[in-house]
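Chain residues, written in single-letter form:
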Amino acid sequence: MVLLLPLIVPLMVAAMVLLFRDARRATAVALAGGCVEVALLANLVFQVYQRSTIAVGQYLRADALTSFFLVGLGFVFLVTLLYSVTYLRHVPPGRFSSPRWFYCLMFLFVFAMLAAYLAQNLGLLWIMMEATTLASALLVGFYNTDGAVEAGWKYLVVCTVGIAFALFGTIALYLAAVRSGVPSEAALDWTVLMNAGPALGRVSSLVKLGFVFVAVGYGTKVGFVPMHSWLPDAHAEAPSPISAMLSAALLNCAMYALLRYDAISVRVLGPGFSHTMLLIFGGLSLVGASLLMIVQRDLKRLLAYSSVEHMGMIAVGIGIGGPLGLYGALLHTLNHSAAKALLFFAAGRVRESYGTLELDRINGMARTLRWTSAFLVVGVLAIVGLPPFSLFVSEFAILTAAFHQEQHLIVVSVLLALVIGFGALIYQLQRMLAGEPAEVHKSRISVPEIAAMAACAALVLILGLHLPGALVHMIQRAMDVVNWR
Amino acid sequence: MTIALRLAQFVFLLLSAPLLLGAITRLKAILQRRRGASIWRPYAELGKLFRKEDLVPGSASWLFRAAPRLAFALTVTAVAFLPIVWSNGLLSFAGDFIVLVYLLAFARFLMMLGAFDGGSSFGGMGASREAMVSVLAEAPLVLSLVALAVAARAGSLTAIVAWTGAQDFFNISVVHVLAFAALTLVAIAETGRLPVDNPATHLELTMLHEAMVLEYSGPSLALIEWAQAIKLNLMIALLIALFAPWGIASGVTAGAILLSIGLYVVKLGIAIVAIAVLESCVAKLRMYAVPEIFGIAAALSILAIVFTLMMKR
Amino acid sequence: MRIINFAASQAISSSAVLIFLTLLLLAASRRMSNCISLFAAQSAVIAAQVFATAYAHKSVAALMVGIMVVLIKVVAIPYALFQLVKRLHTSRDVKASIAPAGSVFITAALIFISYSAVQSYAKDLNVARDPLAAAVAIIMSGCFLMTSRNKALMQILGLLILENGIFMAALTTTFGMPLVIEIGIVFDLVMGVFLMGIFMFRIRETFNDLDVSKLRKLRG
Amino acid sequence: MAGGISALLGILYALSESDLKRLLAYSSVENLGIIYLTIGAAMLCQKNGAPGFAALALLAALVHALNHAIFKNLLFLGAGAIQYKTHSLKLNELGGLWKTMPATGAFFLVGCVSIAGVPLFNGFIGEWMAFQSFLAGAQLSHPAPQLTLALSAGALALTGGLAAACFVNVFGTAFLGRPRRMQIEPETKMPLSMLVPLGALAAACLVIGVMPMVLIRPLWALVEGLIPGGNFESGAKIGSGIQMVTATVLIAALAAILIRTVVRYAPTWGCGLASLTGRMQYTATSFSKPVRTVFQPVYKASRKLEISPADKPYFPTAISYESTRTLHYEKLLYRPIVNTIMTIAQQLRRLQTGNIQWYLLYIFLALLCMFLFMRFR
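In the order they appear, the protein sequences are chains A, B, C and D. Sequential numbering of the first sequence, starting at 1, is according to this note's numbering. Sequential numbering of the second sequence, starting at 1, is according to this note's numbering. Sequential numbering of the third sequence, starting at 1, is according to this note's numbering. Sequential numbering of the fourth sequence, starting at 1, is according to this note's numbering.
Please note that the accuracy of each hint is not assured.
Which chain A residues face chain C? A few, computed with CB under 7 Å, are given here [unchecked claim]: (1) Ala137; (2) Asp146; (3) Val149; (4) Ala164; (5) Ile171; (6) Leu175; (7) Val178; (8) Glu185.
Under 10 Å between C-beta atoms, here's a sample of chain D residues computed to sit facing chain A [said to hold, decoys possible]: (9) Val338; (10) Leu348; (11) Leu351; (12) Thr353; (13) Tyr359; (14) Ala366; (15) Met370; (16) Phe373.
Think of the hints as simulated: they come from the structure by calculation, not from any bench. The structure presented is a predicted model; accordingly, all values stated were derived computationally and were not measured. Idealized CB from N, CA, C, for every residue including glycine.
Using the sequences and the accompanying hints, generate a full structural model.
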């Protein structure tokens, strides 16, 4: 029951929200539903913390790994909901989509992601990933400007194609399982596959083929460099809370799927194959994204590319593996989502008061938007990976792991990318803050917005300074699930 | 007993400086076939200046009067390290020749500040030219001293002198020849002798050292003149000690001391004649030609260091 | 009974040829309505195959899947696409970026490549070579269609063909996935097409032309 | 090597600088260069089996780092005080500040003297120990380190000399002589809160300068930890040596000061001109002109001289002389790297064509590459 409730609630809320025409009531309902949902998630995580795994029927199962990602999802969802409560009133009226549609889609989006996390069966996992794409496609195209439509269309088409390849990969895996004697119903069940790991060795070429397709498929969803083109458009054109959800929650979800598959392929083929591929993708994303960041002229596109870069970092973390590498990667997912959410909220605020996201036309922010520039500074410093903040901790873990394994090429490319990324972001930040402020229509920042941003900033800072024991323990148990080597 | 000897040697150096200056000017005059003033004239001059009043420009601060005094004190301390008659100077410890170099640098530093304080453009000009010269002079000076120290595998001046003393007269190592050449060039520039700077004239274009002290008068000027003389004496004594130390008394017996004093006087005479001859047959170099001298000096000292490697261990 | 089994296996292998035919025609067609009908034909062939396997293995689940495929892929989606074409009354031309002759040639090359690729796999999976090659060929030509055609609708069609290919690959190798998964996949497919329809209306509204290559505002 | 080069270049640029704060910054580059020199020496000695000298060199580096922190801090605070008073840091405009800010002037003097690295002040301690470590290092058996250490001693001497000249320039133009062209508000009294830190730092410089053992002993314990087997006797002698030197200097200085003199104040002699204006004095840039001409190849200064009216060069109404110097490291080192990164980024940007078909193509290509990768792995 503990598993089913968090799934049912978002669907109910999505339906209810649609009933209320008036924006304010819809927001109230959404907020209430959101809080309930987060409470349920917290309860679920706590339960999993108590009893290591909870399973319902053949398809739903929550283990330590899922619970860790649920923490991230819950936090981001709560903060985004908080932020969008007031954000939507800024949305110029006369647009086709009203707040109730916004909340409905958002809850569907959360439902899909939650189901993906809880999916025990890889097929179900694929279906839910596809559902996330569908739910978020409309959200990306929410503003109905030509840019938003184009971004939405591209996002939908490219991701669906990507996911289709992932389906082919899943089928290949399924075939390998069936061929090596696993009963066909359970052939897609993750735990069964893990236990049957070595047995799949006989058809290792199929498993390799499967992993290649899955890597490219879910890699498109994560946004690795060769397949990342949809990400900047989608994140730049979507409304800020949505781009926060996309960057902070969706990418982690896709990375979670990749992690599951990586676990299987490690048990079957040994770490060599899948980890090298992840390292290749990770390295490409890191260097490519940071190079692209330098020439960006739009704030949100810059943040989108930085997401690609950080996803590359996580992939490198997983690719390096080992106790420290995986620990760093998992921690990095949480840190990155908090910092990125903060940045996108700040970007939202900037867009409201400056009316544009063109970096050349935003300056003198320090004087006009006191709160937002403060949070922006915190966000940028965190995302760039400076010590007091938690991203430094995880990046440092990944790099030390890389050093231990003598992966010098990787270490050099990671450091190079970080330096270039640092240069790009700090240069733009400084340009935005300094100078005399352009004409700005002063929109007072509302309390929930400040609360949302403060929450993110606090999380990033606290995790940076002192990692709570419980979290570390949870990550360790999550790593046991993936039984790192 | 040794302390007394060292003190005597130290005081002797201080007092004999003006005499040295007088002798050189007198000898130059004789070379130019004129009678020249008596060798005791510098003493008279100093006495006269000490009695005169000290004229201070309006805009100057207390530094104007303090600088010459401190510079004098520093030069005096620098002399303390030199062993000329007796085997070790008043003070000697590891790395003391570097302290000597930097004491002189400090003295120059203060002189330049004093020049600035005068407030006239000559002060500034003198200071900037002096800066150029001193900057270029310091490197070869230190390098040649380091070369000697490395050759002698010793830290302090007295140790180097003792080591060179022990070498017999004839197998002069290449290092010494090069170092000697470099040091002489630097000494000329340091003390402001002819090829680099003409001590006698007050012509705006040429003067280097005098420009700085143009504003001074009375006791401050006297102290500066005396410090200048001491510096000259110091340089010559340094050259003698480092390159011709034979005969320096190490024991306490009267005979040895007398012998070393005699030898020192002879060496001093040779040095004076050399300087006089050099100065009377060389014209002053153009200011921007001076760096070439230092280029040569630096090259020589670097060569000296390179050759120290060849030295048998 | 053996004859029916034989007929079923023959149906599977002969269908590969039919599918190749549809692919080549698709590559050659200029008008959108032709493409949609070809897609329907292709889905029909695959449905026939599903029924053949269902019959061969006597599994009710496969039968259910077959019916679902027929209902949705042969009837519902093509009908919806035809409505779209009529409602959006854009020019029916496919506006391909590569001349028809070229695309046919490329599709043929793709088919050949798929055969060679499948060669190594078919042996150790002891599965009939032709249908697997057909599936891979469909996937590849689906991709090619999407990249070469400029019309938004054709992109949807390319995607659908790609899904078809994957479904067929699943079919030929593993005789059907668990029922729930199949239903989920098809449901997602329908939702995807539905959403793309909405977006097409919006594109039509904002760009008043369905040419995808015009969507170039977001650069760099 | 790097240390030596950065020391030399740092001080050369400092010399030709006319803005006080930039000058101090460049001189920090120089001091850091010196510290690196000594650390390099420590490493060399360590590698060639002379832990004693390595310990000494490391100690020199630490001592110099600490001293540098003290007097550089003093100088920067002093610069702040000047700016507080005169709102300008251009050395060419300052002058005669001693009259209006005697206290800060005195402390600033202590700062300038100690950074010049002359005895009796803490700057000298670090440099002197550096010299000794070079000297000791030069006696190593292997020729290569011996040569480098000896030459680095020369480099250190040259930088020391330049530093002295540079800070004479700074103090002279800023505090002594007559005010050039800037307005000072005499009434803004220096707040005590500014003077106290300056005083404390100046005192620190003096104390360490005279009694270096205060600093060396604790550091020695630290170094002992780092490089075991370092001998301490050379360190001890340093302390005693300095004491003796300071004693003699004090005695001599006392003797000199005791000479009674009658002091008379008169305007400076202006060779018969009506009156010497402040502008006639040597400014910072003119002071460093001779050194700059000597080190011309380093600066490659370009000069532009306009005399208007052009037709009558001998009756100029206005002459403007402008010389700019090229910053080598900027041109040779940083510029190319930034350019290459930018070009790569531009190319990558073009990859993002905006056309969806290209995006799909990227995905298929990625798939193909991964497929091939799988084939050969």
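Subject >> Violating hint indices (sorted, rising) >> reply: none
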